[in-house]
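Protein chains in written order, with the UniProt record's numbering: chain A, 1 to 101; chain B, 1 to 241; chain C, 1 to 378.
The hints are simulated quantities; they were obtained by calculation from the structure and are not laboratory data. Check before you lean on any hint, since a few could be wrong.
[What the hints assert, rightly or not] Cross-link-like lysine to aspartate or glutamate pairs, in silico, DMTMM-like; alpha carbons within 25 Å at most: (1) C/K270 x B/E182; (2) C/K335 x A/E34; (3) C/K325 x A/D70; (4) C/K51 x A/E29; (5) C/K150 x C/D104; (6) A/K6 x B/E89; (7) A/K6 x B/E142; (8) A/K6 x C/E268; (9) C/K335 x A/E29; (10) A/K6 x C/E267; (11) B/K131 x C/D104; (12) C/K150 x C/D75; (13) A/K6 x C/D371; (14) B/K15 x C/D371; (15) C/K160 x C/D118; (16) C/K269 x B/E89; (17) C/K51 x A/E34; (18) C/K270 x B/E33; (19) C/K51 x A/D70; (20) C/K270 x B/E161; (21) C/K211 x A/E34; (22) C/K269 x B/E182.
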Amino acid sequence: MVTLRKSTQFFLLIALNLLVLAALVLHAEVRSREPAARRSASRILVRQLKLSDLCLFTEARYTRHPAMADRHAPFQDHPLALEHFPSGSLVTPPALRREAK
Amino acid sequence: MIEVIEVSKSFNVGKVNQFDAVSRVSCRIMPGELTILKGPSGSGKTTLMTLIGCMARPSSGRIVLSGIGAGSLFGQDPDAAIEITSLPERFLTGIRRSAFGFIFQQFNLVRGISVLENVMLPAYPTGVNHKVLRERALTLLETFNIARHAQAQVGLLSGGEMQRVAIARALINDPSVIIADEPTAHLDSRLSREFMALVEGFKKGGKTVLIASHDPIVYDSSLADQVVEMRDGALVDGSLP
Amino acid sequence: MTPSLQRHLNILDFALSSLWRRKGKNLSLLAVYTLIIFIIASIVFFTQALKREAGLVLQDAPDLVVQRMVAGRHDPIPVSYATAIAAIRGVSEVTPRYWGYYYDPVTGANFTLVAADDPQLKPEAIAIGSGVARTSRISIGDFLPLKDLKGSPVLFSVQKIFPSASELVAADLIQLRQEDFLRLFDFPSGRATDLAVSAGNPAELETIAAKIVHDFPDTRPILKSEMLRTYDSVFDWRSGLVLVVLAVAVLSFIIFAWDKATGLSAEEKKEIGILKSIGWETTDVLLLKSFEGIVISLSAFLAGVSLGYLHVFFFSVSLFEHALKGWSVLYPEFKLTPVIDPYLICLLFLLSVGPYIAATVVPSWLAATVDPDAAMRS
């Protein structure tokens, strides 16, 4: 009975894993070099419509356009309003705003 | 030859529960002979064997090994005399690994892994080629008639089979001295006699054998070259020839 | 092979056997470990890819957006400001932007309405994002009723649907003609939502922004670099939910691993004693325990990272969808271009593999320094 010793089996498994990882790295490399047809559709719209934000979360004003929002955006409706949109925890309102002095 | 000179071993030194397991024992174990340490439990047999087998250090006294191939560890003639009591831990392990094979009362097999792996276990850190080692282990298992269980887990074996695995394991590094602690304690008389038959085989193979036992099948055996009797940590007067 | 290499391989063999006999425990540990790495790797891949995508897509965003603030709120800006701002040195163009939100009571979704003059767009016709088409189940030629300020519905015919590849910026967009926009919302005349300013030389933007604030104290300019920075801090590890989820995951794993790795059972201790008694040195036992740790953590790391990559770039982060969607009805569907940041992967490796091996080896160290004769006395 020919069985591989356990350490060899383990190395084969690790090698396989590394191979998968290498394939994924290669995949990332190839995909990021593709002519960005997908991205160009977005870029054209950004240019034409003068968009300033990504459409990630449509649930609240300050999460739909985080770059346009105020620092205190989550509390616009009431100073004591608790943050209640889940995406509000993923997106922080911008820290820096140039207000008139 | 193993020379034990005025060896004592105390536990919990300086405390109220100080206990002298072995006190001022001297004896000689001749190469190729079967020496039996006889005595009731608690008489210090096991402690004396751990001292001889480089598992623990004596509190006082000296143990000198010669002619057992340990000298090569120090770049000397393999059969040179080595005084082991003052050696650092590293060398003790080296000697223990190469010169001694141990058979424990409880067998001390590692559960959950195969018989074959248990036998190979002592040789793993020595860096032997795996294939060579495997062959050697299988040959040993065949010698002891348990090769058919090579891939079985040790927990499934009978007492007699477990002991034979333990013996095969003790022999994997081809030691010149075999030390067995109460080897027949868990065996019936038929298996005990079978064990003594194996011991006869060791002697024929030129091994030095040291057995601690209070089983008459062992100490009354005609194979014994020397029977040393211990009581309360000391040799019983007149027990040495 | 050298004896030293053989020694390592032999001990690795035994480590694997040793792990295998506690299959249930170790496989579940491996599964939990892999899951944690998978979650963290997914977050890393997703945020890195999204940040890069944001940076590239928003390259063509307006250089500067000027908002008007009234009573601390964003308010329509007088179009007359545009002429004055256009006169500032360095400004090449000022365009008023008309946009706003529309809550659609039928679907419960929020749409973004944008008025931008496209000569091809007919009156009372709209171009919609794929997300809108999906949510409202409409296609080209259908009509979308939008309620005007007085509550009466105005029917808009769908003339165009933006390509689905543009969902990352346009999923919820409804583009309509400017006059339709103004009429629908009864927008105050002479006002725009904000002003988009472009500058000939991007280096002068800071100066231009300062000048605008000086000339119009009621305005707030937002630079493109600030917009990009906003997306740089999206899903930042320091921020809210992500941090909480991560902290809980990591802490529970630490407890689990600590319990597993440090709680040397009596059996394990006895085994170390047996190994010592049959001639293993302390270093051999430590090597054995490190191998046990390495086998688990390395396997978990490699599998977790690979699965995370597949999850993010092949399955569009489907497991996080609920967290990302939140309460939104309209959720963009987009595929990200893969990014692998070697620095973050290495960091993840060190933080996941290192502590686990330490937690495995240190307690064994204490057990491995016992006298070998202990096993004989048990």
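Okay, the hints, checked on the actual structure:
1. C/K270 x B/E182: 19 Å, holds
2. C/K335 x A/E34: At roughly 14 Å apart (the allowed maximum being 25 Å), A/E34 and C/K335 satisfy the hint.
3. C/K325 x A/D70: 22 Å, holds
4. C/K51 x A/E29: 17 Å, holds
5. C/K150 x C/D104: Roughly 15 Å between the alpha carbons, so the hint for C/K150 and C/D104 holds.
6. A/K6 x B/E89: 31 Å, violated
7. A/K6 x B/E142: This hinted pair holds, its Cα atoms lying about 23 Å apart.
8. A/K6 x C/E268: 21 Å, holds
9. C/K335 x A/E29: Within the cut-off at roughly 16 Å; holds.
10. A/K6 x C/E267: 23 Å, holds
11. B/K131 x C/D104: Status violated; Cα separation ~74 Å.
12. C/K150 x C/D75: Holds - the C-alpha atoms of C/D75 and C/K150 are around 21 Å apart, at most 25 Å.
13. A/K6 x C/D371: Cα-Cα ~30 Å, so violated.
14. B/K15 x C/D371: 20 Å, holds
15. C/K160 x C/D118: 12 Å, holds
16. C/K269 x B/E89: With Cα atoms ~20 Å apart, C/K269 and B/E89 stay inside 25 Å; holds.
17. C/K51 x A/E34: Distance ~18 Å between C/K51 and A/E34 Cα, so the pair holds.
18. C/K270 x B/E33: 32 Å, violated
19. C/K51 x A/D70: With a Cα-Cα distance of about 21 Å, the restraint between C/K51 and A/D70 holds, given a limit of 25 Å.
20. C/K270 x B/E161: Status holds; Cα separation ~21 Å.
21. C/K211 x A/E34: 42 Å, violated
22. C/K269 x B/E182: 23 Å, holds
Hints 6, 11, 13, 18 and 21 from the earlier list are contradicted by this structure; the remaining hints agree with it.
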